[in-house]
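J.: Sequence:
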Amino acid sequence: MQFHVDMDAFYASVEQLDHPELKGTPVIVGAAPGRRGVVSTCSYEARSFGVHSAMPISEAVRLCPQGVFLPVRMERYLEVSREVMDILGELSPDVRQISVDEAFLDMTGTEGLWGSPRDAALRLKDAIRSRTGLTVSVGAATNRYIAKIASGFQKPDGLTIVPPGEEEAFMSRLPIEKLWGAGEKTQERFRELGIRTVPQLKQIGKAGLSALFGNAGGAFLYAASCGQDPGIFRTEAGSRSMSTERTFGRDVSDPEILEALLLGMVREISYRAWREGVRSRTVLIKLRYADFRTLNPCRTFPAFFEESGVLWSEARRLLRSSWNGRPVRLLGLGLGNLEDVKPDAQSELFPERDDRRTRVERAVFELERKGIGKVTRARLIGKKDDQVPGRP
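Each residue of the sequence shown is one higher than the last, beginning at 1 in the working numbering.
Hints in this document: simulated from the structure, not taken from any laboratory. Watch out, some of these pointers could steer you wrong.
To be verified - Distance condition first, Cα-Cα at most 25 Å in a straight line; then the derived DSS-like pairs of lysine-lysine: (1) Lys155 with Lys178; (2) Lys125 with Lys155; (3) Lys286 with Lys185; (4) Lys206 with Lys185.
Said to hold, decoys possible - Computed Cβ-Cβ distance ranges for the label pairs, DEER-style: (5) Gly231 with Gly34: 38 to 46 Å; (6) Arg82 with Trp180: 25 to 33 Å; (7) Arg82 with Gln228: 28 to 36 Å; (8) Glu166 with Lys23: 31 to 39 Å; (9) Gly205 with Arg36: 30 to 38 Å; (10) Gly277 with Gly109: 47 to 55 Å.
Note that CB positions come from ideal geometry on N, CA and C, so glycine has one too.
Can you build the whole structure from these sequences, using the hints too?
T.: This is the structure in structure tokens:
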């Protein structure tokens, strides 16, 4: 069985955990009112007002003026994320983290250790709650796609198990709006075609869906309607890597919002790489459009680097050169060709220019890990404060 583990409103939940007085309050994490930026995540109380991730802060203020708006504390979230991933690693040797707040576990062969999928999932949920104070929703199925959809049921603190052989029946009961991966443009097309249920989608057939939605979209939709794995979470073979990605509840076509989200990913990946003591030679981004077409532009440097400025500059260049302006459903960022950083290692890429910056950046990470003050790395990533997306 495959488990999809999804932390509930993760950033906002961490803020409510650290500040108990915010329990039951609409919490919106992203930027302060009056500043340009986007919602990173929000509590369930804020969602009841229509606030959602990737929404401009100005719109969130309009919908929920009584909300508590907080800045992103990525180091704190990554600290909790690491605790959660350690717990997951105790239950399965095969954990694939796909973002700071979600991961897949391959539970194949663990029945002798943890019992049935339900027993294992309950053990996992209890361990996370007792050791972090947070809740998590779990979906379990024979493939990752169905597990991902199942984890969204009964949120927060949910548990949904799709038994083997019931994948297609599970999908057949799903409202077409719940078809994960089908964004606003696709849903709009469904409505135009009168498609209201997943079985109706399947009846059109793979060839018919390909004619309507293109080859990639048709293959995806047909596999999903049959309860099969469309392969969007397939593990790539190859060298060591780390990545993060976000699927948006609503497609994003604003370049400022995309760059603001990408900058947040740069911060997350840079901190993770520092914590794990690795550096990289390859930068890659992942773009998935509303029609399911996916791009994976990348660049491999001749030498290793560990400066977030290099990562930000290249990630932004890849985004600008690859994105054609169409609505984006998913954005991801990754580092490839990783190697462990030796003590006192100097960057091999632009060593004269970046060695001092690397040392400063390591010191900043260490200060933030210890919670000593709040340090901005805008200049470390090669941008002035007023050039950072999401700032006025």
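J.: Take the hints in turn and mark each one as holding or not.
T.: Hints and how they fare:
1. Lys155 with Lys178: With a Cα-Cα distance of about 14 Å, the restraint between Lys155 and Lys178 holds, given a limit of 25 Å.
2. Lys125 with Lys155: Given that 25 Å is the threshold and the Cα spacing comes to 13 Å, the pair holds.
3. Lys286 with Lys185: 19 Å, holds
4. Lys206 with Lys185: Since the Cα atoms of Lys206 and Lys185 sit roughly 19 Å apart, the hinted pair holds (cutoff 25 Å).
5. Gly231 with Gly34: 38 to 46 Å: 43 Å, holds
6. Arg82 with Trp180: 25 to 33 Å: 26 Å, holds
7. Arg82 with Gln228: 28 to 36 Å: 33 Å, holds
8. Glu166 with Lys23: 31 to 39 Å: 37 Å, holds
9. Gly205 with Arg36: 30 to 38 Å: The hint (30 to 38 Å, Cβ to Cβ) is violated, given that Gly205 and Arg36 are roughly 46 Å apart.
10. Gly277 with Gly109: 47 to 55 Å: 30 Å, violated
Hint compliance for this structure: hints 9, 10 are not met, and every other hint is.
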